[in-house]
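Just so you know, the protein sequences line up as chains R and Z, in that order. With numbering that gives the first Met the number 0, letter number 29 in the first sequence gets 28, and the count goes up by one each step, no holes. With numbering that gives the first Met the number 0, letter number 2 in the second sequence gets 1, and the count goes up by one each step, no holes.
Simulated from the structure, these hints should not be mistaken for laboratory data. Worth double-checking, as some hints may not be accurate.
[What the hints assert, rightly or not] Examples of chain R residues lying across from chain Z (beta carbon under 7 angstroms, computed):
{"no.": "1", "residue": "Leu-8"}
{"no.": "2", "residue": "Ser-13"}
{"no.": "3", "residue": "Thr-18"}
{"no.": "4", "residue": "Ser-20"}
{"no.": "5", "residue": "Thr-24"}
{"no.": "6", "residue": "Val-28"}
{"no.": "7", "residue": "Val-86"}
{"no.": "8", "residue": "Pro-87"}
{"no.": "9", "residue": "Gly-88"}
{"no.": "10", "residue": "Arg-153"}
{"no.": "11", "residue": "Thr-158"}
{"no.": "12", "residue": "Arg-162"}
{"no.": "13", "residue": "Pro-211"}
[Unchecked claim] Listed next, the in silico BS3-like pairs over lysine-lysine satisfying Cα-Cα at most 30 angstroms (straight line):
{"no.": "14", "chain 1": "R", "residue 1": "Lys-19", "chain 2": "Z", "residue 2": "Lys-149"}
{"no.": "15", "chain 1": "R", "residue 1": "Lys-19", "chain 2": "Z", "residue 2": "Lys-125"}
{"no.": "16", "chain 1": "Z", "residue 1": "Lys-125", "chain 2": "Z", "residue 2": "Lys-142"}
{"no.": "17", "chain 1": "R", "residue 1": "Lys-4", "chain 2": "Z", "residue 2": "Lys-149"}
If you're wondering where the values come from, they're calculated on a predicted model, not measured in any experiment. For each residue, glycine too, the CB sits at the ideal point set by N, CA and C.
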Amino acid sequence: MDMPKTDELIARLSREPRTKSLSPTPVVVIGTTLAVLLALTLSIEWLKPRADLAPALLAENHIFLLKLIFTVGVVVATLPIVRDLSVPGRRIGLWSALAAVPFLMVIVLALREFAAAPAGEWSHHLQHASWLECLWQIPVLAIPAFTILALSVRRLAPTELPRAGAYIGLAAGGIGAIGYAFHCPDDSMAIVAVFYTLAILEMTLLGALVGPPILRWGRREIR
Amino acid sequence: MHNIDAQLGTLWEQARAGSESAYRAFLTALATPLRSYVRRQLLRYGRSESETEDIVQEALLAIHEKRHTHDQDIPITAWAYAITRYKLIDYLRLSEKDARALPLEDIEQTVGSDSMQLDVRLSVRKILAALPEGMRHPIELMKLMGHSAKEAATLTGQSEAAVKVNVHRGLKAMARSFG
Numbered sequence: 000m001d002m003p004k005t006d007e008l009i010a011r012l013s014r015e016p017r018t019k020s021l022s023p024t025p026v027v028v029i030g031t032t033l034a035v036l037l038a039l040t041l042s043i044e045w046l047k048p049r050a051d052l053a054p055a056l057l058a059e060n061h062i063f064l065l066k067l068i069f070t071v072g073v074v075v076a077t078l079p080i081v082r083d084l085s086v087p088g089r090r091i092g093l094w095s096a097l098a099a100v101p102f103l104m105v106i107v108l109a110l111r112e113f114a115a116a117p118a119g120e121w122s123h124h125l126q127h128a129s130w131l132e133c134l135w136q137i138p139v140l141a142i143p144a145f146t147i148l149a150l151s152v153r154r155l156a157p158t159e160l161p162r163a164g165a166y167i168g169l170a171a172g173g174i175g176a177i178g179y180a181f182h183c184p185d186d187s188m189a190i191v192a193v194f195y196t197l198a199i200l201e202m203t204l205l206g207a208l209v210g211p212p213i214l215r216w217g218r219r220e221i222r
Numbered sequence: 000m001h002n003i004d005a006q007l008g009t010l011w012e013q014a015r016a017g018s019e020s021a022y023r024a025f026l027t028a029l030a031t032p033l034r035s036y037v038r039r040q041l042l043r044y045g046r047s048e049s050e051t052e053d054i055v056q057e058a059l060l061a062i063h064e065k066r067h068t069h070d071q072d073i074p075i076t077a078w079a080y081a082i083t084r085y086k087l088i089d090y091l092r093l094s095e096k097d098a099r100a101l102p103l104e105d106i107e108q109t110v111g112s113d114s115m116q117l118d119v120r121l122s123v124r125k126i127l128a129a130l131p132e133g134m135r136h137p138i139e140l141m142k143l144m145g146h147s148a149k150e151a152a153t154l155t156g157q158s159e160a161a162v163k164v165n166v167h168r169g170l171k172a173m174a175r176s177f178g
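This is chain R alone, in the form it adopts within the complex:
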């Protein structure tokens, strides 16, 4: 057999000590930027922005702004973890628990809202809410973002594929939710805390499941 000997392989590889490939941070940043732009475009073209976008931006209850802070926060807190999971031998520190902070924030705000609202208003709100739309439209916005992010990370070297897939799903879910926030007509923190979170978790789960086959890199001998 003309199995290449290890020495020959080394001799061949060593002719190219330099690499032109981008390092992990720019790869993740570029992928995320593209993913966000795509989710926003989809949201504007397909879902259409809410009619009262300008007043919502200035509304006294700041709920639209809080939605943006929450969703952007999820993405920003998750990206360093995605990046670190793309580098072999890099341990994910305790600070990765920061990814939970945006979720805790909306849960607290939702509980405050719940405590302040008159008894009837909450169920009234749920009945008229777009929560069902939220549960599928966020993932639809998030799936292209997931694809872009996963293909970016595949150019790096993730070694724990289900975990990397889950965090990419979390980031993509956050990106989908940013897009959805521009459309979402319901200004309720409870909706955000429950249904945005559920939609983002759907993407996280999906990411953990489809992550391994998509992220597997350097397989030269697939049968």
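Please arrange chain Z on chain R, whose structure you already have, making use of the hints.
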């Protein structure tokens, strides 16, 4: 051990700066501990040591192709071992799926015997067709059309190292499906 870490670290930095000789020394020095690591792990999983060299080569190739993912603050050995471990697990998982593993020599002998040749050729074609493009193409070029590895590399756009690995891997996969 610490000595080796530091030595490898220095070579790696010189390699990143563009030194071919440092890179060569780095890969050569790295191959030895990787080899004993892989051998230990194979034995631990009750596997044959004979697969060691395949896995070491795959790990070296992966280290080369993913060299842009090394962070300066991670020891180069920790990074290289993480890649090797990934390759090893991937290899074990893939080959475990196929309990009918057949040594490569068997298929070569079969192809060589006259009486069965036509039959065998037909099924070889069939099995070959099931391989992914990246492996099938170099095998066809080298084994059926008689091109050299270098020519096959130019024709497929793969590196010569990748062509050789692909052919080797492809034949092995074919041998397995043959059983």
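Okay, the hints, checked on the actual structure:
1. Leu-8: This hint holds: R:Leu-8 lies near chain Z, its Cβ roughly 5 angstroms from the closest one there, short of 7 angstroms.
2. Ser-13: This interface hint holds because 4 angstroms falls under the 7 angstroms limit.
3. Thr-18: Interface hint status for R:Thr-18: holds (5 angstroms vs cutoff 7 angstroms).
4. Ser-20: With a minimum Cβ separation of about 4 angstroms from chain Z (threshold 7 angstroms), the hint on R:Ser-20 holds.
5. Thr-24: For R:Thr-24, the interface hint is violated, since the closest Cβ of chain Z sits about 9 angstroms away, which is over 7 angstroms.
6. Val-28: Where the cut-off is 7 angstroms and the nearest Cβ of chain Z is about 15 angstroms from R:Val-28, the hint is violated.
7. Val-86: Status holds, d = 5 angstroms.
8. Pro-87: Where the cut-off is 7 angstroms and the nearest Cβ of chain Z is about 3 angstroms from R:Pro-87, the hint holds.
9. Gly-88: holds, 4 angstroms
10. Arg-153: Not OK, violated: R:Arg-153 not within 7 angstroms of chain Z, min 11 angstroms.
11. Thr-158: holds, 4 angstroms
12. Arg-162: violated, 13 angstroms
13. Pro-211: violated, 10 angstroms
14. R:Lys-19 <-> Z:Lys-149: Given that 30 angstroms is the threshold and the Cα spacing comes to 23 angstroms, the pair holds.
15. R:Lys-19 <-> Z:Lys-125: Violated, at roughly 39 angstroms.
16. Z:Lys-125 <-> Z:Lys-142: Holds: Z:Lys-125 and Z:Lys-142 sit about 15 angstroms apart, inside 30 angstroms.
17. R:Lys-4 <-> Z:Lys-149: holds, 16 angstroms
Violated hints for the displayed structure, listed by number in ascending order: 5, 6, 10, 12, 13, 15.
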